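So the sequence lines, in the order shown, correspond to chains A and B. Take 6 as the starting number for the first sequence in my numbering and just add one per residue. Take 16 as the starting number for the second sequence in my numbering and just add one per residue.
Just so you know, these hints were derived from the structure itself, not from any lab. Be aware that one or more of the hints could be misleading.
Covered stretches of chain A, going by a simulated chain B footprint (3 or more residues, C-beta under 8 Å) [said to hold, decoys possible]:
1) 88–102
2) 107–121
Far from chain A, some chain B residues (derived; all Cβ distances over 12 Å) [claimed, not checked]:
3) M29
4) A83
5) G104
6) A118
7) P126
8) L200
9) A213
10) R271
11) A302
12) V303
Here the structure is a predicted model, which is why all the values come from computation and not from measurement. Using N, Cα and C, we set each Cβ at its ideal position, and we do this for glycine too.
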Amino acid sequence: MGELKNGAAGEATRAAGNGRSLLLRGVKKAFADVKAVDGLDLEVARGECFGLLGPNGAGKTTTIEICEGLTAPDDGTVEVLGLNWRTGADELRQRIGIQLQETQFPDKLTVEETLRMFRSFFKRGISVDESIATSQLEEKRKGRVGTLSGGQKQRLAMACALVGDPELLFLDEPTTGLDPQARRHLWDLVDELKHAGRTIILTTHYMDEAERLCDRVAIMDHGKVIALGTPKELIALVGGENIVEFAVVESHDSQVSESRPGAPGSHGSLVPKGEGPGAPTSHISQVSESRPGAPTSTVAHAVVDAGPLLAIPGVQSHRVDAGLHQLSVSELHSVVPRIFAALTAQGLHLSEFRTHSATLEDVFVSLTGRNLRDE
Amino acid sequence: MSKLETSSLYQLTMVRFRLFLREPEAIFWIFIFPILLAVGLGIAFRNRPADVLQVGATTPQLTQALAADKGLTAVTLDEAAGTHALATGNILLLAIQGPDGVAYKYDDTNPDARTARLLADRAVQTAAGRHDAVRVGNELVHEAGSRYIDFVVPGLLGMNLMGSAMWGLGFSIVEGRQKKLLKRLVASPMPKWQYLAAFLLSRLAMLLIEVAVFLAFTWLVFGVPFRGSLVELGLLCLMTSLAFSALGLLVASRARTTEAVSGLMNLVMLPMWILSGIFFSASRFPAVIQPLVQALPLTAAISAMRGNMLQGLNLGQQMAQVAILLAWFVVPFAVSLRIFRWK
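Using the sequences and the hints given, assemble the complete structure.
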């Protein structure tokens with residue numbers, strides 16, 4: 006596709022690249038001795054809302070800036086809308102919309118003036134009025150940027166990304182630092198853009214945001230994609246759609262416990278039971294570095310034999326994190342009574358017990374042994 | 016929307032204008048400050064009737080002899096009090112009556128004291144009966160163009176053009192870089208040259224106002240002469256502004272923070288404030304460093320402006336200065352385009 010001569014290239018490549026907005030193959034980028042992106046393959050379809058999810062420092066921003074042509078990769082191929090940045094930069098800049106992390110627009114310009122400037126860079130696009138309406142900044146049209154709230158500033162950034170009527174929209178952490186209401190407001194805006202059929206690629210370290218907005222999500226860690234799929238598929242990786250969390254104390258009349266220090270799964274490792282049901286391509290190769298100061302040694306937490314728990318039909322896996330046991334579970338209603346029974350049989354008392362629906366956060370935890378927010 | 020309004024160069028230039036006009040401090044420094052400075056200097060160095068010099072003498076006879084000269088006022092002091100008055104600057108010279116003549120005590124590095132010495136000696140000798148050997152007459156001249164204010168106005172103009180161009184470009188660019196606005200702009204299809212061109216265009220428009228207001232003021236209030244062509248003076252201002260814009264661009268091309276670029280700009284401008292002859296002639300510096308002094312853009316600019324305004328020289332007679340200014344435009348501009356950091 007890349008060989009097409011410029012000129013009619015616009016329409017031709019649009020047809021040629023049909024169905025695919027972005028293609029990354031073996032992309033690598035290192036800064037000094039830090040491998041920010043370490044061999045990345047991604048493909049994003051036209052009309053898709055695709056999320057890069059991961060903790061800070063996972064390489065999300067570097068990845069998205071490589072896609073945006075702001076950072077040159079050390080290695081690998083990058084194809085955006087069927088073009089590449091070496092030969093098609095001018096055309097690509099016209100066809101994509103970009104919202105960067107932490108851009109500060111000049112405080113002393115008004116919303117309208119800022120948008121008018123950005124609009125003038127694009128050959129075609131929507132009117133300034135339309136972009137103001139879409140981003141719901143009408144009442145701030147004549148207001149200076151310096152007087153906008155965080156959420157309004159972020160919507161202005163979004164409007165600047167939209168003035169060129171882009172085929173592909175990049176949003177880098179669009180809601181970071183916003184209050185909950187402003188976040189929801191921005192989500193609604195992204196929803197609208199999605200429904201208008203725009204291709205969107207966004208990064209976030211909020212799993213609820215990825216779950217809410219994205220058709221597909223790539224979970225990144227240390228410059229690599231560690232899992233890829235729809236939020237549903239990814240959650241299915243955990244093995245059950247519910248997570249049971251509990252902590253126990255030893256009851257005095259116990260005789261059973263003590264015994265098995267090396268019991269399988271008692272040490273923070275995820276033990277998938279059988280073949281994870283819907284587990285697609287992904288590799289749940291477990292990387293659980295048990296944390297310093299974690300379980301067993303702490304006196305308060307009793308040792309649990311995971312065997313009987315894993316034997317309960319519907320329990321998919323078991324792990325321990327700082328004394329808190331986590332089971333991924335399907336069929337919550339029938340499983341919970343059996344968990345109680347199994348723990349009582351071991352002479353253990355529950356000091357905590359709760360359940361929640363599995364989220365992408367649980368996926369990340371089960372894949373890396375760390376929480377998204379840890380970094 | 017008109018065609019002009021959709022042009023990105025127009026939009027970028029307008030943005031520069033708006034940002035400048037909405038910054039009250041910048042307006043003060045560029046439009047008001049030079050006028051205040053000219054007023055202050057004009058008052059401090061106004062041409063007064065030739066000064067009457069204060070001297071002292073140790074005897075009443077001597078005092079009388081000295082006071083007979085119109086250029087001197089004299090007081091009688093004993094030697095100790097006189098020496099003290101001399102040291103504190105109350106008198107410029109003390110005439111001491113000795114047994115076999117008069118001794119003058121004064122600081123020979125002070126021009127006024129030397130003048131006082133000449134006047135005092137003339138008065139003493141005349142009182143003692145000396146007669147002039149040759150008859151002389153005086154024709155007094157107080158002409159515009161030879162006063163200090165005439166000398167300093169082109170200096171202030173050059174200094175102002177340097178400051179406004181360097182700050183205007185350097186600070187705004189680095190601020191944009193620090194706030195990641197530059198990065199956002201290069202992520203858009205904005206032609207990069209237009210970003211820089213917008214700075215130059217807005218600078219030139221501002222230049223027109225800035226120069227016109229300042230020069231009109233000095234012409235009206237002090238009667239500073241404009242003996243050369245005004246068009247050529249305008250061209251000189253343009254070249255000066257372009258040279259310093261290029262220098263500002265160069266200074267801003269790598270700096271990441273506004274603090275860093277402020278320091279760099281002061282570093283670049285400081286030698287010129289001292290060496291380039293704003294307030295006194297650059298020829299006062301030793302011959303060894305003259306080639307360096309003359310090669311500085313501000314020296315070239317100010318000397319060409321003085322040539323135009325005070326001597327009525329045309330550009331053809333000042334090709335050396337013009338060449339220096341153009342070189343200071345082309346070289347820094349070319350270098351900064353190569354090393355400019357957009358992110």
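*Enumerated hints in conflict with the structure, sorted upward*: 3, 8, 9
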